[in-house]
Amino acid sequence: MTDRKTRTPEYNLSKYEAKKETKSPSTKQTIRLNRYISNAGICSRRDADVLIESGEIKVNGKVVTELGYQVNPNDTVKYGNRVLNKEKMVYLLLNKPKDFITTTEDPDERKTVMDLVKSACEQRIYPVGRLDRNTTGLLLLTNDGELAEKMAHPSNNVKKVYQVELDKPITKADYQKIIDGVELEDGKVTIDDLAIVSSDGTTLGLEIHLGRNRIVRRLFEHLGYEVIKLDRVVYAGLTKKDLPRGKWRFLNEKEVITLKYLI
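Position one of the sequence shown corresponds to residue 1 (UniProt numbering), numbered consecutively onward.
Hints in this document: simulated from the structure, not taken from any laboratory.
It is possible that part of the hints are untrue.
As the list claims (entries may be wrong) - When the alpha-carbon atoms are kept at most 20 Å apart in a straight line, the in silico PhoX-like pairs for lysine-lysine are as follows: (1) Lys229 with Lys240; (2) Lys240 with Lys86; (3) Lys150 with Lys254; (4) Lys62 with Lys88; (5) Lys260 with Lys88; (6) Lys98 with Lys86; (7) Lys159 with Lys240; (8) Lys111 with Lys88; (9) Lys241 with Lys98; (10) Lys241 with Lys88; (11) Lys168 with Lys229; (12) Lys247 with Lys111; (13) Lys98 with Lys78; (14) Lys78 with Lys159; (15) Lys168 with Lys150.
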């Protein structure tokens with residue numbers, strides 16, 4: 001009798017644990033539909049609820065309006081004609097230091113921006129656009145391929161503001177040339193704004209939306225100046241406020257929504 005009482009709880013416990021082991025994985029793999037949509041970078045969870053209730057979301061070809069609906073790993077979720085990615089979208093802003101190249105890897109084993117963000121997240125993120133090795137300042141990294149493509153496309157006119165330090169004061173004539181537009185070998189360079197920010201005329205603030213390779217450096221070199229320092233201080237409305245050189249931070253939800261709205 002004693003043996004039976006001792007064995008019975010052990011037997012029941014093992015059955016209970018067996019049930020947990022078979023049930024647990026499927027539970028962990030499902031995700032609420034509004035979170036799935038938010039992870040895909042479409043909108044916030046609250047706005048995702050609105051999309052669901054209004055019949056904008058399909059799961060496996062069928063409209064789903066249930067707010068608590070659970071999505072399985074093999075389900076196909078669509079918003080309009082767009083298939084949503086279940087991976088959480090990551091948006092990271094880096095204040096790039098000098099001597100780091102903007103690439104995911106380098107065969108010459110030079111330092112890359114990926115070295116600075118390697119512990120930031122589990123997702124594989126990529127730089128949006130490029131900053132050359134000697135240029136410092138704001139760089140966006142993300143796994144949102146659609147956003148990255150839009151930001152890189154010239155037609156979307158993504159605003160960038162640079163602080164430029166020259167080897168000598170800029171002349172009035174050259175200042176006016178830049179305002180009017182300078183013809184380079186790959187076409188005319190038109191800027192959005194230009195201002196002298198130092199009393200000696202060697203430091204300028206330049207706003208531009210063109211994304212051509214080394215465009216700011218080539219602009220001043222064409223006019224006979226050497227760019228001593230080049231720092232991107234604003235990128236698509238994002239600033240370096242409270243972000244020291246070499247550090248990074250995640251964009252908040254408002255910044256992500258604003259970024260997508262701008263382009």
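Now the hints, each set against the structure:
no. : hint               : verdict
1   : Lys229 with Lys240 : holds (16 Å)
2   : Lys240 with Lys86  : violated (30 Å)
3   : Lys150 with Lys254 : holds (19 Å)
4   : Lys62 with Lys88   : violated (23 Å)
5   : Lys260 with Lys88  : holds (16 Å)
6   : Lys98 with Lys86   : violated (35 Å)
7   : Lys159 with Lys240 : holds (14 Å)
8   : Lys111 with Lys88  : violated (27 Å)
9   : Lys241 with Lys98  : holds (18 Å)
10  : Lys241 with Lys88  : violated (26 Å)
11  : Lys168 with Lys229 : holds (12 Å)
12  : Lys247 with Lys111 : holds (15 Å)
13  : Lys98 with Lys78   : violated (42 Å)
14  : Lys78 with Lys159  : violated (31 Å)
15  : Lys168 with Lys150 : violated (37 Å)
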